[in-house]
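J.: Here are the chains, one letter per residue:
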Amino acid sequence: MFKFKSFLEKINERIPRNSRVTLNRKQIFIFPTKFGLIYIGMCFVLLMMAINFENSLVYILLFWLISIFISTMILTWRNLDQLHLRNAGSQPIFASEQATFGITIESLGKAHHSLWLSTKDSHHFVDCPAKVSQTAYLFVTETQRGRVRLPRFTVETTFPLGIFRAWSYVDLDQTTLCYPMPLASELQYHSPIDHEDNDYLDHAASTKRGVDNFDELKNYEAGDAISRIDWKAYAKGNGLLVKTFTEQASKEIWLNDQDFTGDLESRLSQMCYWVLELSKNNQRFGVVLGNESIEPDSSTVHTQKCLEALALYRI
Amino acid sequence: MANLQSISQRDLTRSSILWFSIAFVLTIIPQLLIFLPFWVAVIFAICFVWRIQISRMKMGYPHGIVKFAIIAAILGMLFITKGNFLNTEGCTILFMAIYGLKFVEAKTVRDGYILACIGVIALASTYLFENNAYLFVFSLLTLTTLIAALIGLQQLGYSVYAKTTLLWHAVKIMGLSLPLMLFLFVIFPRFPSMMPNMHKSEGDQAQAQTGVSNTMEPGSIAELANSEKHILWAEFTKAVPHTRDLYWRSLTLDHFDGRAWRQSQLSQMPLSPNYQIRNKVGEQKYSVIFDPSYQKYLATLDFSQMNHDATARYHPVVTYGDFRSEYVRPIDTKIQYSATYFPNTTLFNAKDRRMAENNLQQFLQVTDHNPQTTQLVETLLQDQPSKEAFINKLLQHFKQDGFQYTMQPGLLKSRDSVDEFMFETKLGFCEHYASATAFMLRKANIPSRVVIGYLGGAIDRHRNLVEVRGKDAHAWVEYWDDQKGWQRVDPTIAVSPNRADLGIDELLGALTELVNSSTWDRLSSSLSALKDRIDYRWTKMVLNYQGESQQTFLTQLLKIDFISVFTLAKIVVSLLFLFVLMQVVIFFKPWRKLYFNIHHEYFRVIALANSVYGLNLPISTAPIELSESLMKCVSVEDQEKVQKMAVALVKYWFQSNASTQSIKDVKNALFAVQKMLKGKNVRQ
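Quick note, the sequences are listed as chains A and B, same order. Mapping of the first sequence onto my numbering: residues 3 to 317, in sequence order. Mapping of the second sequence onto my numbering: residues 227 to 910, in sequence order.
One chain only, chain A, in its complex shape (with noise of 0.2 Å):
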């Protein structure tokens, strides 16, 4: 039976959710934009002027620009066939930081000029000359703890004279991680050797200095802190080399949303705030959060292993 649908559902239905879209004239609209109007009414007003002077030039002059009108709208609509759009990917962002969005934009042959990318926070221009691609940026303003999706965009252009416009709505699919804002606090901790040891401070003193008793190098592993590396004895030529340094291995601390106070939010923002504060000073830190939990390590996989599931917590 014939079912109504909305505009949306029809749009979901043509323009599918994918990584990476071709337009095609099914996913392309066209009509005439306001200037577009104001020209039929001016082509009006010279066949107005044609036959009352019976003027011929005008005549030729009005037949003219009827037929750029007609081949504007074509060549508008062109403008956007076989544009390739695909996802260029997103950096994780923290919460109520804006979110951007890499969109490439791809032309397959022709040139595509003058395309107008826009959501209802951020717009970009691209002209993307043939067989080249570009990288447009659309960004989302406000976000919360958890996946962050950019939603539906237009692209739209009214090249070559702005007579038409023509226009779709992409969705790239894509999504980007939004941990928890960090929140300072006082750390709650549990340390798997000493779990009434309440005084993180001075732990984490002594923590701070140990950092910097330095132990040895040794060559440079996939996962190793970036900071870590001997970027001196790298320029002197003696290849990547990391700096090991004692003391951290040495205390292990448990990071549980049950020891902070405050909602789930606001707990996940300490929380998020302590990982940061942890990588920082390579401590080797745990993670739970009720029934899961993240074995201690201090790599930046790691890291971002714990910031992911404090995002993903019960969303």
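Hint data in this document are derived by calculation from the structure and do not stem from the laboratory. Just so it is clear, the structure is predicted and the values come from calculations on it, not from any experiment. Don't be surprised by glycine CBs; every beta carbon is placed ideally from N, CA and C. Incorrect hints may appear among the rest.
Here are the simulated lysine-lysine pairs, DSS-like style, with alpha carbons at most 25 Å apart [claimed, not checked]: (1) Lys112(A) / Lys389(B); (2) Lys398(B) / Lys133(A); (3) Lys112(A) / Lys398(B); (4) Lys122(A) / Lys112(A); (5) Lys333(B) / Lys36(A); (6) Lys389(B) / Lys133(A); (7) Lys464(B) / Lys766(B); (8) Lys766(B) / Lys133(A).
Here chain A is said to cover these stretches of chain B; the calculated rule only asks that three of the stretch's residues, wherever they fall, bring their Cβ under 8 Å from a Cβ of chain A [stated by the list, open to error]: (9) 347-358; (10) 362-375; (11) 786-797.
Here are some of the chain A residues that sit facing chain B, going by a computed Cβ distance under 10 Å [as the list claims (entries may be wrong)]: (12) Ser58; (13) Trp66; (14) Asp175.
Dock chain B against chain A, hints included.
T.: Structure of chain B alone, referenced to chain A:
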């Protein structure tokens, strides 16, 4: 939502300003040469400098009060210089002034759009004043720059495209639109003017009249005879008649005051012509393009019936009782008319076929001047000859009494100019001979009148074309015969038979013995011939392609009798659709739809796999993931198919520049898996 339309408040781009400036100047220059008064030029210069200063950020945009003051000043100037300026010229000047002002104050992209519209209409207004081919080509250049400026409005930021790229784009768009423009021009129905009398000359200063006039006194044709000015082009359907038959009648003069011949009040009465076509031997149609003369008189071949367009609402050409044809208004643009030439026609008098006594008086009116000539007539009449015999005697007199044909006869100053010519100077050309002959005929009681018009013309036998110029002006005489009607007698021919046989060019060449044979002269004459030919073609093909000629052209082209405006309108609309369809086919290649779409086929595989094996794969599943999931479910020989599909897809999607072979592979692999999965579905 910041879409493209809502951000039209952004500033005009620099390259747009450049092209708008060029378009502005290019629109103004021809207008200044044609009709714009000097003070408007000053305003435009100020506007232009102001605009330049604005774009150099040395001056600001005009305030509202300044704009108002400028408009008021322009209106004031118009009122002072033109008086009532609500005519075409005044309104155009006003419009141009608005164009200049808009040009200065255009700030945003939206202003740019408006400016482009005004620019196009300003361009069109030039055509109302001048419409030759060269101006038109020039104006196309202007239109192209306007379009370039419009394209420039599309860019954001600075100089995304080079300035010349804009022009190149504009040329491309113009070229792309050319075929449809031509089709529309040929086929678009021409509606009759809603204001047929709305014409630019009304209220304008009187233009110098050219061509023959309604007064003939000694020397009046001489000025015309020295001019190379175009009078008309005539194109015949068959061979052009001999020069001696090409008597182009413009008007008749029937009132003589002893020195000058004039048109009497009687002959200006709107009477319809009376004639009888004896036979149709030599009948043929011809069409004439008549140059603006700022008079109403046309020139028609003696004798011609005007061909009227049966569908036209009104006929702009009226034929009077003396067989002259007039246009409804002074001819201020090139006009076209067509007529049928009947060489064997008896011309009767207008009011009564056989001329009544009281009507005869109109053509017998003479004054008591020129006594010597009167005496001569009496001598010739002594043996009471017949009409024909008298006329022969008269012509013999011209031949034998030492009369000479010359274009420099000197001025006849006396009141009795006929006497002076007949007995003293004996030098003259057509008007002298015609005037003297008509006078003598009247003295001999033979009703007569002077006909003026043109004789011959430059004949192009290949194209069946005749070009009549000012120097072809001629005057001859008609006398009334009760049996034969009006009869033509041309005394000039008696004196100088070459006038009719060779045409004026050779005659003048022989008279002045000037041999223009220098290279430069030949070059310039061939250039002017080329210019004339372009002018003729342009006028015929473009300027006068209006209702009637369109009708003729289309009916000939389509080999039908009649085509209505409504049919034409239908054709136009279907043509527009056809054009769109054609471009769609060319640009969008709809057959691409028939191409196999890998995405869709792949989605179908996922959907099939989900339904057959109850998998819950999302649509974004990668080929490897899909094949891994399917591997667990299918038999060994099917695994191979799945494997092949995954490999082909990965190769197609992730290897740049996929070849047609890889597309074929993917296609086959996908179809194989689909077939396999569908088979499973049936089995379940």
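J.: Does each hint hold? Answer for all of them.
T.: Verification of the supplied hints:
1. Lys112(A) / Lys389(B): holds, 20 Å
2. Lys398(B) / Lys133(A): holds, 20 Å
3. Lys112(A) / Lys398(B): holds, 15 Å
4. Lys122(A) / Lys112(A): Distance ~29 Å between Lys122(A) and Lys112(A) Cα, so the pair is violated.
5. Lys333(B) / Lys36(A): holds, 18 Å
6. Lys389(B) / Lys133(A): holds, 22 Å
7. Lys464(B) / Lys766(B): holds, 18 Å
8. Lys766(B) / Lys133(A): Not OK: Lys766(B) and Lys133(A) at ~49 Å, beyond 25 Å, violated.
9. 347-358: holds (count 7)
10. 362-375: Coverage by chain A holds for the stretch 362-375 of chain B (4 residues, Cβ < 8 Å).
11. 786-797: Result for this restraint: violated, n = 0.
12. Ser58: Where the cut-off is 10 Å and the nearest Cβ of chain B is about 5 Å from Ser58(A), the hint holds.
13. Trp66: holds, 5 Å
14. Asp175: Holds, about 7 Å.
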